[in-house]
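*Asks:* If you read the protein sequences in the order shown, they are chains D and U. Residues in the first sequence are numbered from 1 upward in steps of one, following this note's numbering. Residues in the second sequence are numbered from 1 upward in steps of one, following this note's numbering.
It is worth saying that the hints were derived from the structure and are not from the lab. Please read all numbers here as calculations on a predicted model, not as lab measurements. There may be inaccurate statements among the hints.
To be verified - Restraint ranges, calculated between C-beta atoms of paired labels, are given here:
#1 U/199 - D/143: 51 to 59 Å
#2 U/29 - D/66: 30 to 38 Å
#3 D/339 - U/15: 28 to 36 Å
#4 D/284 - U/113: 47 to 55 Å
#5 D/213 - U/25: 33 to 41 Å
#6 U/25 - D/336: 52 to 60 Å
To be verified - Think about it this way: if two alpha-carbon atoms lie no more than 27 Å apart in a straight line, the pair counts; the simulated DSSO-like pairs of lysine-lysine are:
#7 D/167 - D/212
#8 D/242 - U/227
#9 U/280 - D/7
Idealized CB from N, CA, C, for every residue including glycine.
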Amino acid sequence: MAEIAIKVENLYKQYKLGMVNTGTISHDLNRWWHKVRGKEDPYQKVTVTNDRTQKSTHDYVWALNDINFDVNVGEVLGIIGKNGAGKSTLLKILSKVTGPTKGNIKINGRIASLLEVGTGFHPELSGLENIYLNGAILGMTKKEISRKLDEIVSFSGVDKYIDTPVKRYSSGMYVRLAFAVAAHLEPEILIIDEVLAVGDAEFQKKCLGKMKDVAQQGRTVLFVSHNMVAVQQLCTKGLFLKNGGLAYFGDIDKTLPHYFDYDNASAKSDIANLEEKARSNGIAKIIKKAWIENLNNQRVSRVLMGEGFKICFEFEADFVMENALFGFALENLHGMRVTTINNMITSNTSVKEIKNGVAICEFTSPNLLAGEYFVTLGIVSDPNQWIDYVEHAFTIKVEPADIYKTGKLLESGHGVVFMKANVYIK
Amino acid sequence: MEITNKQENWTEIITPKKGLFDINFKEIWHYRDLIMLFVRRDFVSTYKQTILGPIWFFVQPLLTSLIFIIIFTRIAHLSTEGLPPLLFYLAGITLWNYFSDCFTKTSNVFVANANIFGKVYFPRLSNPLAIIISNLIKFAIQLLLLIIILLYYIFDGKIVFALNPILFLIPFLIFLMAILGLGLGIIFSSLTTKYRDLTFLLQFGIQLLMYATPVIYPLSSATGKLKTVLSLNPLTPIIELFRKIILGQEIVDFSGLAYCSIFTVITLFIGIIVFNQVEKSFMDTV
């Protein structure tokens, strides 16, 4: 049995909604009065889940609701969930910035958190002085920092400006220096929140590499990000939070589908009803339904890798569209566009006049790797006007298949598409 | 069985509430470098981009003393117990400033550092401690000024100064002043996280408190009920004693010092209890 680095038990966190100062005294007094009489806290009774789509009638909300999980030493845990699911709250409690309302966390090892790089930088101080200050805030001793100073300075790439006050730094330099300090922490447990969102591509790559190193040194890492590619690459385990509750906890490859399923829950049935779906573009909601058929015109919910399929959608307008184009696009779950197609591209024609019908896109031999794909649908008519545009209308599930007849399956980590190929030596 | 035993061996357990006196001194010690770096930051950043730099530390008490001389000695004719007014005011102001700086700056600690406190954990007490220390440096510099002026008066023969073992009481008085400022400061800082009203109270409260403390007048000039009320102010014995010791006056009363010491210890205890309770959850209310 592996050693446990973090054990979270029945963790709850409550927040007060609305203005903090209104009624604070009366609530405090009421709370105290209940405590004196040995009764339960009157404001902790109601269990209100943190669903932001509904306006709550209660004053208090549970940002975290009964969270339980263990992280073993050396695991890299990705914490995922939509905005407001409780990810940051969880990290804040783990890094002791704020305390839990109920429950506890047991930790084995020194913890350091990077909730935001550059915390505590003082604009008037020089780069060098800030390295020391920031390092100390993050928990290093002066001796440790001095030992790693050269490494930190060269990693940041701001050697030349190290004696200049950081208020004269460009924002990029500032972030580089800040991350350089943070990257040279050597805690047993490292907590990281979205640091990759800053810096240019080269620097992001450097950061990602550094984090991989940390993970490979057998240290425990907790990583929060909306970048699913980074999560998948770095993490071994996944924790999926939904409205403050724990929705799934397990291997990262099993956690991600749960997240995407939830992300796209409305588009799971065989026929996706799109009349109610929110549009990001277009003038009328005329795309009504969409579904997948195999090449034998049977409706299916999933297709096999390499097997042909058709994407169909029904549309109905109360006006006549001229020179209409019907577009289809596929994106993988990381948001990368795999292909875009329309009738102008395939047949160099548009539909002269049309009000309603069914648009079909037939992929005779698709090269999609196994996995899920978003389908985006759209109609354009003259004069170059989006009539309707449904982004991520529904998803297609592509099942793995033995394309090369060798028994070896391709995985999502192998790329975006597969190609029929031979590998040989000449 | 062995595994379960091993797993009970946690470095740390995060729980909702802490014990009243649950202060992790070991942890504060581990962060001592941070405290010193905070001190350095406060000190260096205050006088960056100024020409005079730390000389400003001299200017402020000197000018204040001069104004006091004009108003309270020349116009209002307040007594200074026969001492040179400059020394009298300077001694009072120097020590009073130390207290008021410790108090006001500590009382603002949660609100002013909310952005750092919201991102990383370190023992929150390291911030007030750094404030006490960095102001101590400032105080030491101002004390130097006081000593220089004192020496001038001694050589001039206006003051008779004798090396007296009672001089050893001075560090203790300064320590009391620091602890009292810290204690009151952290009580206020803990309360202001929820109730900002206290900030306004403090802003003019500290000015009024100066007049309720014998900084610009000697305690001996008050009589009757007024003297009793002034004696209830725990700062009174500190300022009085400090001035008397430095200016070589006779010391009559030590009971005030005992009262002040007890008051300070109690304040510090209450401060630590309140601070400890607020430390964990203040991010949600600040």
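*Asks:* So, against the hints stated earlier in the document, which numbers end up violated here?
*Replies:* Violated: hints 1, 3, 7 and 8.
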